[in-house]
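Chains as they are written, first to last, in our numbering: chain A, 1059 to 1316; chain B, 4 to 323.
Hints listed in this document are in silico derivations from the structure and should not be mistaken for laboratory results. The structure presented is a predicted model; accordingly, all values stated were derived computationally and were not measured. Please note that a few of the clues may not be correct.
Footprint (simulated), chain A over chain B, 3 or more residues, beta carbon under 8 Å [stated by the list, open to error]: (1) 64-75; (2) 80-92; (3) 95-109; (4) 116-122.
Glycine is no exception: its CB is placed at the ideal position from the N, C-alpha and C atoms.
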Amino acid sequence: MTRAPAGFFGGAWRVAARNLVVWRTYAGASALGNFGEPLLYLVAMGYGLGRVVPDLGGMSYAEFIAPGLVLSTVMYAATFEGTFGAYTRLETQRTFEAILATPITPVELAAGEILWGGIKAALGAAAVLVVVALFGLVPSWLALLTVPLGLLAGVMFTAMALVVTGLSHSYETSNYYFTLVVAPMFLFSGIFFPLEQMPDWVQLGARALPLTPVVVLARGLVRGTLSLGHLAPLGATLAFTAVACVVAVWLLARRLRV
Amino acid sequence: MSGDRAVPWAAGDGPVVEARGLVKRYGDLVAVAGIDLSVRRGECFGLLGANGAGKTTTLRMIQAVSPPSGGNLRVLGLDPVRDGKRVRARLGVCAQDDNLDPDLTVLENLLVYGSYFPQPRAVTRARAQELLTFMALEEKRDRRLRELSGGMKRRLMIARALMNDPEVFVLDEPTTGLDPAARHLIWQKIRELAGRGVTMLLTTHYMDEAERLCDRLVIMDRGRVLAEDAPRALIERHVGHEVVELRVPAAEEAAVLDGIELTGIGSARTGDLRAFFFARQSAVAERLVARARERHVACLVRNATLEDVFLELTGRELDE
Chain A
1059 MTRAPAGFFG GAWRVAARNL VVWRTYAGAS ALGNFGEPLL YLVAMGYGLG
1109 RVVPDLGGMS YAEFIAPGLV LSTVMYAATF EGTFGAYTRL ETQRTFEAIL
1159 ATPITPVELA AGEILWGGIK AALGAAAVLV VVALFGLVPS WLALLTVPLG
1209 LLAGVMFTAM ALVVTGLSHS YETSNYYFTL VVAPMFLFSG IFFPLEQMPD
1259 WVQLGARALP LTPVVVLARG LVRGTLSLGH LAPLGATLAF TAVACVVAVW
1309 LLARRLRV
Chain B
4 MSGDRAVPWA AGDGPVVEAR GLVKRYGDLV AVAGIDLSVR RGECFGLLGA
54 NGAGKTTTLR MIQAVSPPSG GNLRVLGLDP VRDGKRVRAR LGVCAQDDNL
104 DPDLTVLENL LVYGSYFPQP RAVTRARAQE LLTFMALEEK RDRRLRELSG
154 GMKRRLMIAR ALMNDPEVFV LDEPTTGLDP AARHLIWQKI RELAGRGVTM
204 LLTTHYMDEA ERLCDRLVIM DRGRVLAEDA PRALIERHVG HEVVELRVPA
254 AEEAAVLDGI ELTGIGSART GDLRAFFFAR QSAVAERLVA RARERHVACL
304 VRNATLEDVF LELTGRELDE
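Bound-form chain A, shown alone (with noise of 0.2 Å):
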């Protein structure tokens, strides 16, 4: 009568489509946060700024700093739901002690979260893609691939957002996440000034924010300059995303079955 419960992807997938759902509700807001944003920056940034900056490259300013602010864009709202979204269904609304009543197991459900984290940030990349080609800041048709760059990121940054949820016990860590990690990284990973011009030890310290390589990833894509020294940042993506998923999965399922 009763069929075998659903595999661990099926269980994944059931905790993120949840989300998704509850997503669709108030997805207007969300649009205007994902929009919004990277508007503003593109604007005094590219735009107001842009007029005393020489041109990088062959890029005019706004050109420069377009595909990394697709790519903010992912990191922002990857973070953002894996620490106040997922803290809220942790504690606040007691979400998760639900699902776990029923055959979902906790990994399982850290799964599903970080897709979901992924599926929402490859959304707003989608979102800022659109934007930035209006102002006419996208060259070549390989800035499509920048919306699965952008789940890639957005599973990297979700998870560690989830590591923090994990060890967390008030909404005021997630604020010092974003303090102290998030805006450096917002601010030193190459979106807004190349890190070839900095000193050794700059470049080093950027070399190792996650951001990094996707934001070389994503110039690649836009500006269609792809070429084998692509490898690097890709794998060093895909590192920092492995690494992330098992330590976020593996805390959140250590708090979720006390």
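Put chain B on the given structure of chain A with help from the hints.
Same frame as chain A, but now just chain B:
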């Protein structure tokens, strides 16, 4: 929900839940200190105790959510640690605190929750409709959760817990925080489910709720089981039939009771109240009442309840 399920348990196979020496520790804290339980098919079984007695922790182990630290536990004949997925697929759980999806409508709450179980979408839809009717939520079906009262939310929690047509229905404090009318409606629905043969496992710290709903129950205190039986049997065994209650401060008690032979009569004190438990109507009880009248001590004669059992067993009130 359909009453005519294939009934593999009708033959009277083993208990639905069986615990032997069940233990749960959190670091140094022992939440459940080695308890034995046996829940039979089709009965309504209660865990009665004060807050912190270990009731919810016990439920979480039975739900296959929290792994036991020691002892043996079988649920539906399965090991909840190894077969957690399969155990949870056959249980319905109504948690103590509201953990509904506040952003979704009543119907969406049911459909999303149903999607976590291994059942076809058509079955989930049909069951959601059926449960909206059963729990009298039909009119609220497209409302968002913020528009619901506490009683309606609890009804929705119960409806949601039944989305997988569970063999065992677990309710943690089903009526805590509800007004009297809402409580009565919940009780009525629980009895209807019991009538359909669903095995029920509930915790409560309300005596009247336990007496009303439970076929059998255990009284828990500080992680241990103090007694297990049917409510009436527990009352008769531990406190008897009748209770005489005197409102007299401890310091004046000896003077008031002087000369009355009370050896062998169970009693308990809470604050200024001294209760004496009598197995049947007796001359001693009558003498007590007469003496109270002489000395102008407030006195009440009433039927014994589970509350008295709890008092007798723990020396404390349940709701302290």
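Structure-based check of all given hints:
1. Evaluation of the coverage hint for the stretch 64-75 of chain B: fulfilled, as 4 residues show C-beta separations to chain A shorter than 8 Å, against a requirement of three.
2. A stretch counts as covered by a chain when three or more of its residues have a beta carbon under 8 Å from one of that chain; for the stretch 80-92 of chain B and chain A the count is 5, and the coverage holds.
3. Three residues within the 8 Å Cβ limit are the bar, and the stretch 95-109 of chain B against chain A gives 10, so the coverage statement holds.
4. Residues of the stretch 116-122 of chain B lying with their CB closer than 8 Å to a CB of chain A number 6, which satisfies the three-residue condition for coverage.
Consistency with the previously given hints is maintained throughout, with no hint failing.
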